[in-house]
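With the hints as your guide, set chain F onto chain W.
The primary structure of each chain is shown beneath.
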Amino acid sequence: MSKDHLISSYDQLPSTWDEMYTTNAQIREQYKTIIEILKNTSTDTLTKKEELSKQLFMTQGVTFTVYSDNEGIEKIFPFDIVPRIITAKEWDKIEKGIKQRLKALNLFIKDIYNEQFIIKDGLIPADLIYSCPNFLREMKGVKVPYDVYVHISGVDLIRNNDGEFYVLEDNLRTPSGVSYMLENREISKRLFPGILPKSKVRSVSNYPNMLYKKLKELSDLQNPNIVLLTPGIYNSAYYEHTTLARLMGIELVEGSDLVVKNHFVYMKTTTGLKQVDVIYRRVDDDFLDPLEFNAKSVLGVAGIMAAYRKGNVNIVNAPGTGIADDKAIYIYVPDMIKYYLNEEPILKNIETYQLGKPEEFDHVVKNIKTMVIKKTDGSGGYGMLMGHEASDAEIKDYIENVKKKPENFIAQPILRLSTAPCYINGELSPRCIDLRPFALSGKDGIDICPGGLTRVALKKGSLVVNSSQGGGSKDTWVLQ
Amino acid sequence: MLSRVANNLIWLDRYMERGNGILSLLKVNFYANQDSPELFSWTPIIKNFTTSENEFYTEDAIECIDFMVFNLSNSNSILNIVTKARENARSVQEHISRELWLCINNYYLYLTKKDLPKRLREEDPVEFLEDLRKHHLIYNGTFDVTQERGPSYYFMNVGKFLERVIQISDFTALKLIEIGKTSDSLEQSFYWKNLLLSVGGYQYYLKTHKSTFNEEHIIRMVFQDKLFPRSVYYCVNKLNRQINQLIEANELEKNNLEFLLGKLESDIKYTSIESINTQGLNNFINGIKEDVRNISMNINSVYFSHIN
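Line by line, the protein sequences give chains W and F.
Position 141 (the first sequence) corresponds to 141 in the working numbering; numbering is contiguous.
Position 282 (the second sequence) corresponds to 1282 in the working numbering; numbering is contiguous.
For reference, chain F alone in the conformation it holds in the complex:
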């Protein structure tokens, strides 16, 4: 496969996964913000997804959603993300299924409809966000049932799971900052619950632990659960498998990749909650982020080594 194509496939899925994460975060924060705006402000969200040069901040929910969805100077606005995803998909059309291309193209056309910003301002903002998210669900479903299990599929999955690990780590770090600001255990439990909602694990948590918010249970679920598809462990495990498939097909070189991934997977799996508490969750997350960065650089270096 062309190196440029591999790179575009990875980024196609990274963008789509990022879009999905941002949309769920916006929805969850919208509800929480209506309840207690002092706990769930919009500023940290804008901060997390924009560069240091950004000067736009707002505490108005609709303004913020508008900025996060439509603003062209926000490089992580849904419109910008989907535009880039579409450009990537467009340039690799002979590698992805026809259905998948049509699905991304339709999402883009939907987003660029003239009356869409008006809908956000005049109608139910939750439905507005849900309608956008549906495109991501359709994308994932279409990908699953139409894409052949070859290198394209694995490269795209690499992008998806890389992005997801980074997102979960970021979301958690974001909440930890807020949690650190308060000693009120009720407030803290709100934040933990909000984290679960943001990563889409609330329902599963209730099924497993009922309605008692125990910090350790939450950390274990978000980081170490084997069945929850948005846990860090689940994503790293999947990433490991996709990369091994690519190594087997000679599409990627072993180098350090296998080692880095194996190490990260066992680190997450075998670190006890006591040990996480001793080193501090923040440090634990930073360690994961550092490893993921290394893995991502390794994949890039394989890609770039053939460019020059």
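Just chain W, same shape as in the assembly:
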């Protein structure tokens, strides 16, 4: 069998950017080393490596449990062994673009919960803000340390067929996936020994230290009590919560471990109550405090918002950041960048139509076959309509539904997500990918970990990379 067997049947998708191949099937510089190695490795060995990766995820407990019939089944997030590679130049632009965007978004959140200049200046309509389910009145006028609201973010990027990175979603609430960035790298070290240093791949292992530093600086205390608040073992990201707590050496707590007394938050310990200073919460706003939000929530802590407003505890990310990553607000981010920073956006937005506007609604319906319609408060790839693969009846039903409350929907042209080589059934095949780098903001600015989570749509031709819908992930190599 020829060495080229591995890539001989690599079918590039039409008018799609491929991360490995140029349009005339030349291997891009950054992929040469790894492809050479893959070509010189037998299919058997590669398949063994693939098996090994699955086993490693299982034995390290990088799993989530799916419960059915009283029995828990351990699942892993599918992993593709071929890394996704980003050049230093590409990364430089991504880094600058995300920093710029986060700076503007953070100023926007501060503005919205305080003076609201952006509304007064007529850039964003007030009713859009107030009708947004993620806008929290409870945050109005609340002072937060160093004016930082979004401490941790995971901006989703995709690369369109023009080779440019576009922002798909901002993810400013409780973005997950960073543990996979860390774990995927640990697996790569074992799958391809020696190749990481040879390829000059930048390390991601510093992330927990960076995160701890950002959390610590929120308190004036020498040795603040920092905890990670998890919804508990049934949450699909529980593995990530335990990992981050372990890697930072902080306590993992559940809502029932905390109690508020005289507007201070305490945790219940064997030696009595111990005050908590900083809470990295992985519980959504809605469930954070049954006294102020969802009264049925047992995941949160009664009275925590009052303690927060008094400045007696820090909550990370700040409640109410969801106002800035709402899909209806997304449209205004380029304007925000100009408004707050007086700069041109470095990373582009995807062209987005508001179905609440009649002329845009008409345009979308006319071009429905090339459009994807999303709910403004949706996530996880649910509730979308992909025009090119939906039947006429499905489209009709969906549009009827949109008409009931058109302002709750937006539409975007179906994008050509870039493809990257994946090892599937003994050969390399192109699959659609996105990229979620993780950024940390604090008093000294924004740090972005050189890497991130590359999600991949493992189904052939699929554009949906969400793990809940057949997506997997890849290690992401940022070169020096």
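Since the hints were made in silico from the structure, they are not lab data.
Please note that the accuracy of each hint is not assured.
[Stated by the list, open to error] Distance ranges between label pairs, derived from CB positions:
hint, chain 1, residue 1, chain 2, residue 2, range
1, F, Asn1282, W, Pro78, 56 to 66 Å
2, W, Pro78, F, Glu1130, 54 to 64 Å
3, F, Ser1075, W, Lys261, 34 to 44 Å
4, W, Thr47, F, Glu1130, 31 to 41 Å
5, W, Tyr382, F, Glu1122, 41 to 51 Å
Where a beta carbon is used, it is the ideal one built from N, C-alpha and C, also for glycine.
Here is chain F on its own, set in the frame of chain W:
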């Protein structure tokens, strides 16, 4: 330490210790049952580890082992116990050593492998049980060499020794019922020997007393021996030390705990065999169980007092 964490650590080790005890009991009874099924039936074992609602009984060795290892409706099946131990370990990962978590996770993955029940049916059942027990030995070894000697370590040991005392008392009570049914001294000696095997003290007994089965020697070894790690006295003494470490570190309140433990330890140590015989071994065991229950409630109350 978070109260929930302390509670989870105690139960993590209780589950692991229970699993280990059940597995040795199954193995010992398997051998004995092959020799004399009329003396060593499976029913009492199933009864001891299931609730009163259980309706499943069998005298088929493989059926019984399958029920005790894999059955999901049996709350004390090894699969259920290890699942709970793993959930506890998972939620306290930042308190236990990484190696210990990986060890429990691997045990769980091994137990949930699809072909494992088939192995029990088609291969040597003793090796099957031994392979499971190895995971407990690895767990104990890993715990010993990787866990720092802080509150986590002591809470886990509290769980381990509490469970062990309860188990030894239960196993003995179980045998006493059988012994009470017969006046044949040979049969009685079989039961005593079986008890020694079940608590893993047979070899040590032979070394000390040779191959003569004297009831008093056995009672003394199982309850009062200072060197045998599965004697009631040894466990209570260890429990006492762990709890004192926790009291010293302010992780537990003295309350009655110190008193209860001190009293139990001397009761076991200083009760003569004559006095045990006078009150009846059964009553002696019930007294120990009652004390252990009180101690356990006391630890719980310290834990729960901070919850509310």
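Indices of hints not satisfied (ascending): Failing hint: just 2.
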